[in-house]
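There are 2 protein chains.
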Amino acid sequence: MKKLIIASTSTLHGGEYLDYLTPALQEHFAGCSTLVFIPFARPGGISHDDYTKKAAAWFTKLNITVKGLHEFDDAAQALTDAEAVFTGGGNTFVLVSQLYKTGAMAALEQAIKTGTPYLGCSAGSNICGLTMQTTNDMPIVYPPSFKTLGAIPFNLNPHYLDPIPGSLHMGETRETRIKEFHAFNTPPVLGLREGSWLQVNGKQVILKGNLQARLFRQGKEPEELEAGSDLSGLK
Amino acid sequence: MKKLIIASTSTLHGGEYLDYLTPALQEHFAGCSTLVFIPFARPGGISHDDYTKKAAAWFTKLNITVKGLHEFDDAAQALTDAEAVFTGGGNTFVLVSQLYKTGAMAALEQAIKTGTPYLGCSAGSNICGLTMQTTNDMPIVYPPSFKTLGAIPFNLNPHYLDPIPGSLHMGETRETRIKEFHAFNTPPVLGLREGSWLQVNGKQVILKGNLQARLFRQGKEPEELEAGSDLSGLK
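Chains A and B, in that order, give the protein sequences.
Numbering-wise (my numbering), the first sequence opens with residue 1 and increments by one.
Numbering-wise (my numbering), the second sequence opens with residue 1001 and increments by one.
Isolated chain A, as found in the complex (with noise of 0.2 Å):
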């Protein structure tokens, strides 16, 4: 049975890292010891290393120990020998390259399906969408492809930002770079706010957290779905 937390941001503004998670991370990796941790999305373009040194730091709150899919071999059998599977933030171009270019996206796609709990925080949840396209991040490699995990049967865009009131700048806005990726493409895209989270058991997809998120679906008006809402029958 699936087993997900899917979260907008692995940190919240004046928050340390994935603090905030603390209660929902004990109790959604209790009776793990270890973790595989998927650094490649090198926010900042941070070293694999470094990367895992900063989440196995934290997981020692939850007497986990940390590895990172770089330091295997094979990197697709560590993920499905993986007791649980936690994919930090950064760049999501980067991340899906090297999941493709280690097979180590079909490898996770599988273990997600048996059961293994999974933390994903900004691109690491982007990647559980059926694709990357409603990503915010900038395509500074080229991905072989931009389809993902499909852990849940529509889109994410973490880190949804509203408009902000009295702005000069003509660049987009989040949501109407949503509806034009509406003009080419059926899924409908959930816009999750930096402090809500999805946590998927099974077939049930619950929206967590204190937020309200912005529901974008083809041809409709966006809509506001309160904290707590179930969203298992979307797609």
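It is worth saying that the hints were derived from the structure and are not from the lab.
No experiment lies behind these values; they were computed from the predicted model shown.
Glycine included, every Cβ here is placed at the ideal spot set by N, Cα and C.
Just to be clear, a hint being listed does not mean it is correct.
Said to hold, decoys possible - Some, not all, of what chain A presents toward chain B, calculated at C-beta under 7 Å:
id	residue
1	C32
2	M138
3	H159
4	L168
5	E180
6	F181
7	A183
8	T186
9	S232
Got chain A sorted already, so can you dock chain B onto it with the hints?
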């Protein structure tokens, strides 16, 4: 001899479409009576016809007749024969995909090299760089390549946006995104603020408008360039 105007945006806040560029465009397109408009970037999903009408309406001011590239049977031939070319803004992924699909990319590169006056705004400016890898747009379609025209020997970030003071948002700033680009790529990136444009005459590249632009080079601190700066040596 190359002759381009490469603008950050088509429209300034509170202004009308292209109006701030009127004097520059009068000079740029002097002697032209027809222009081919490339509507492929489809901002907000607008149709090729409607987008072309918008451009055509504006160009009546300069007594220039506009035809959309989608109206020609042979897009490559249309660009080879064009007296002048304008590529409008919108989504760079959609634009680049369609330029490759129609065979227009190579023809446009050639037309620019041989001196056809060119205007680009936003996505239409992005494609003047070496690659589209510093676009702000969402990857809503999958292009066959990120390589673009290389009409200038560096990359652009149109609608360049400074960090917003006091923002509580944890998504990456534009500067962080460009820094991440430089973790994987060497070309310089010029952040063009709304109101700035580049004027290219042969090998001469001048920063026009009243604003500074922000220059990012791999392994160096970003620097502010004054309006009027000569960027001819930048590569």
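Here's how the hints hold up against the structure:
1. For A/C32, the shortest C-beta to C-beta distance to chain B is roughly 27 Å, which exceeds 7 Å, and the interface hint is violated.
2. The closest approach between the C-beta of A/M138 and any C-beta of chain B is roughly 5 Å, which is under the 7 Å cut-off, so the hint is satisfied.
3. Look at A/H159: its Cβ gets to within about 4 Å of chain B, closer than 7 Å, so that hint holds up.
4. Checking A/L168 against chain B: minimum C-beta separation of about 4 Å stays under 7 Å; hint holds.
5. The interface hint given for A/E180 is met, as the beta carbon of that residue sits about 5 Å from the closest beta carbon of chain B, less than 7 Å.
6. About 4 Å separates the beta-carbon of A/F181 from the nearest beta-carbon of chain B, less than 7 Å, and the hint is met.
7. Interface restraint check for A/A183: the shortest CB-CB distance to chain B comes to about 3 Å, inside 7 Å, so the restraint holds.
8. Against a cut-off of 7 Å between C-beta atoms, the interface hint on A/T186 is violated, since the closest Cβ of chain B lies about 12 Å away.
9. About 26 Å separates the beta-carbon of A/S232 from the nearest beta-carbon of chain B, more than 7 Å, and the hint is not met.
Of the numbered hints given earlier, the model fails hints 1, 8, 9; all others are met.
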